[in-house]
Amino acid sequence: MNESSVLVIESDPIVRESLSGWLSSTGFEVTSAEDGAKIIKVFAKSDFNIVIMDVRLHSETQLATLREMKAIRPWIKTIIITSHPQEETVLEAKKIGVVDYIVKPVDMDDLQKIIQGTVESICRGNLTDDNTSFETSGDDLVPGIKKSFAISRENLSLMVENLLKEIEVVGVKAKQGKYIYDRIYGFYELSLDYDVTVSPPTRYMFPPKETLLKFKTGNGNYVEPVIEYTPRVIIGVHPYDIKAIELLDEVFMNHNPDPNYIARRENTVIIGVDCLHPSPRSFAPSMGTNWTETGFDLLLTDIGNSYIVKIGTEKGAELLAKHTKYRLPTGDEIVRQKKVRGEALNRYKIALDTPKDRIPKILEESYDDPYWENRSATCLSCGSCIMVCPTCYCFDVKDEMALNLKEGERFRRWDGCMLVDFAKVASGENFRKDKASRFRHRMFRKGKYILERYGKVGCVGCGRCSSACLAGIASPLEAFNSLAENIRLKEAATSVIQAAKPARDIYTPEMAEILSVRQLTEKEKVFELKLKSGKKLGHYPGQFVTVSIMGTGEAPLSISSSPLRGKNFQLAVRNMGDLTSALHSLEAGATVGIRGPFGNGFPLETLEGRDLLLIAGGIGLFPLRSLIQYVMDRRYDYGKVSLLYGCRTPAERVFTDELDFWQNSKEIDFHETVDVPCEGWTGNVGVITNLIDKVDIDPKKTMVAVVGPPVMYKFVIEKLKKRDLPDAHVFLSLERKMKCGVGKCGHCQINGIYTCQEGPVFSLTQLRSLREAVL
Amino acid sequence: MKPKVAFFDFTGCEGCQLDALNLDAQDLIDLLNGIDIVNFREVMTERSDNYEIAFVEGSITTEGEIERVKRIREQAKIVVALGACACIGGVNCLKNHVPMEEALRIVYGKDAKYYNTIPARPADAVIKVDYYVRGCPPSTSELVKVIKALLLNKKPDIPNYPVCVECKKAGNICVYEKGQTCLGPVTRAGCNAICITSGRYCWGCRGLVDEPNIQSQKDILNKYGLTAEQVIEKFKIYDTCSEVLK
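From first to last, the protein sequence lines stand for chains A and B.
The working numbering puts the first sequence at residues 1 to 775.
The working numbering puts the second sequence at residues 1001 to 1246.
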């Protein structure tokens, strides 16, 4: 992490640019953005030391963004710029942990002083005004709440061994390549550097089955409550699980306090440990649960040879004082704690696409979304997701009689809303009888109901459910992101209607001249064209035009060339219908009609700066070529670029000269395969999915564009999911029957959307709720 | 007046009956305080056809057995299917995959002509069954649980959710995560996932839950590397019979 990385959030482009320019020239590493809400995603992925943010009057959204940023990186230093300093806003900002504020117009000297002071305080590790603070001063070695100390590995071991002499100790252990909570008998058994456990630690407060009452019927009848507990220390609890336990505390210890839970909770000591190597399925930072300042008795951070230990309660302080030796952390150790935490944050692979505060609203608006039915079709109702969930706490109550039929006990055991009979009553009526309503109910609990009832997040982003779900549908993250995307699409659709004005006759083609024709294979040719008006076509990679030959008709054809390569454009065409057959018979100099460009191409802004994985099957290379050319023309704007190409036989390979060029180019990692080889073919043989294994993929950084026949998509998606690529990073171009190109004729409709308008390029997130897309 | 209980065996290994009274002494005495066993070929010589509750073990595999189980149904107020063979058809149904003549020939060779057989089926393919004691073999505690429920006139607490629920409660690492396959996601729980906890996988001996997502289970087995034939092979060990006869 660079000590002087600055994020500037400022809506006024002039202020933003001058500020960024000045900061860069003064030696800071600057990133800038115009809108705070948009930056959250960037923020979760890259680290900054200082944020300078423009805060408008009474702007709750901006303060919310600030809060969100603080939750993700508590050590961040924020300076706000405001044109109208209002006491309330400033006070509120201070409460969130803002270091200072500056009034517009910005005096660069003032700003420099503030920034320098802030940088120095970071270098000193003196984090006085935020909540990761070290309140220990001078020679103060008395352990107290919120104080942090350093403890060597040997002394941690000493503490655990001493604890084992007087109390049951449960800790995280390795088992069969996974991690579990289990009773331990020695420090050596612990694995504190784990990703996630199979089952959460909540079972030690709320066991899978427990007796509530003992009773006798008939003569000498009685009913007695049963409260059983074992005093115990749990060591190795990650912050997200601590947050989950805090939710259970709220549920069981507040309204109608639950004596059984309380007895166990009060006899449990929680020694947490920061999660430094998160599971690839975890999205704890998005839920604000990757760090915690509460809910533990002690919290450890592994900083190499030693641990920083933070005291959360009196109980924790006593335990530390009684069982082991500790000392004040050195400056270096404090810096290292910050460093390892920063690095940990960069290891998360998936994130919410939207601020978590929006989830309840997104769900509310999506109650009737087809997503629920579509996505739950493969649900096994097996309950795995809820049984491994740390925030699930529903239960069933039953009586069990002894064989003498006189004595018995009433017990409770875990139950949950994903199980078929959960909402079924004695008459046989089931109030949540279909998979979709159960699936939806669970997501609503995780994202809305629990939050609204208890003020705490109902999903801590641990990722256990998505690991446990054999059908691969349980991740709340995927649901929240898909639904947010649907809402964005709906909103976008509305704004199009408002903005639309009749501009020209949408059905009349513009004339274009065929400049050249080149035979690619037996059935395919590429045509170079130019509009007769002399105007540029003005297309984006992935868009299409309709080509008219009067008397024959009109057909949609994808554009195969980059818009960056002059006024001409290319259409690569397979001869397969009336129009394409007529087109194939034309020669240079002939005239055809063109309408378009139409539709949504590849999302260029989203792809920028990322690693790209481009996958083409057969003549899927035709539309993808426009993107490949575009990327090659602006190669410095992208990270690693890989291109995979597969076709049926060597004879069907198109643009062979370019394939050879890519093969030898250092700028692109190119692999190709054929299904059926011919004599003399020395390259790969087999399906295109095999090629994916040949590419190194960092799922966090990689964006994927896929174009090919429908059958290919299913297998490619499966493979990409195995490599942990989030849905939002995968873009596919769909083929449909397109006639009008302007979203009217209805042929290209997939459920509610028009391929010619919202497509042909879709993100996988969008496609998840389109049942007819069939992936 | 204690209810009179009878045990009857049909085609099967009789292990369920053997296991049925494998109780410790006090439990056995408590049990016999609650019921009167009047017919139980494996453990007593007396036989009475005056009973209210009949436990039926084994699957039905001959015409004669059909008649016999029908007579039991006429006599008993309550019929309980005991064990996988009686509940879902069980391993006997493996023979349903070949023609009956072929099955006779494989088993009896040249003496096949002296025997007769029909496709194996669970008790409820022939008569109405009131309660089920599931598993191969059923645990003694489950049998006792069902008997207690009968005596208390309440529905026995047999879950209608898959084995996964109890497997996760047991804190097991999923069999699929270890690269193996398992029928837990569609098989009725109640066994505390004993096979998986002991290091194996679920064979489906307790039959399916009420609303199994068979297609999804097949897709998953497929995804984890079993071919269509292997899926059928795996399903047929205990379950195919009920599937075929439905």
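Heads up, a few of these hints could be off.
Straight-line C-alpha distance at most 27 Å; calculated DSSO-like pairs for lysine-lysine [as the list claims (entries may be wrong)]:
hint, chain 1, residue 1, chain 2, residue 2
1, A, Lys567, A, Lys525
2, A, Lys722, B, Lys1178
3, B, Lys1178, A, Lys216
4, A, Lys406, B, Lys1178
5, B, Lys1145, A, Lys178
Source of the hints: derived by calculation from the structure; they are not laboratory data.
ask   = Does Lys1178(B) lie within 27 Å of Lys722(A) when you go C-alpha to C-alpha?
value = Measuring from Cα to Cα gives roughly 15 Å; hence the hint holds.
request  = Mind checking the alpha carbons of Lys1145(B) and Lys178(A) for me, to see if they're no more than 27 Å apart?
outcome  = 36 Å, violated
query = Has the given pair, Lys567(A) with Lys525(A), been kept, meaning a C-alpha gap of at most 27 Å?
reply = Holds. Lys567(A) to Lys525(A) sits at ~20 Å (cutoff 27 Å).
message = What's the verdict on Lys406(A) and Lys1178(B), does the C-alpha distance respect the 27 Å limit or exceed it?
response = 45 Å, violated
message = Between the alpha carbons of Lys1178(B) and Lys216(A), is the straight-line distance 27 Å or under?
response = 46 Å, violated
The structure shown violates the earlier hints numbered 3, 4 and 5.
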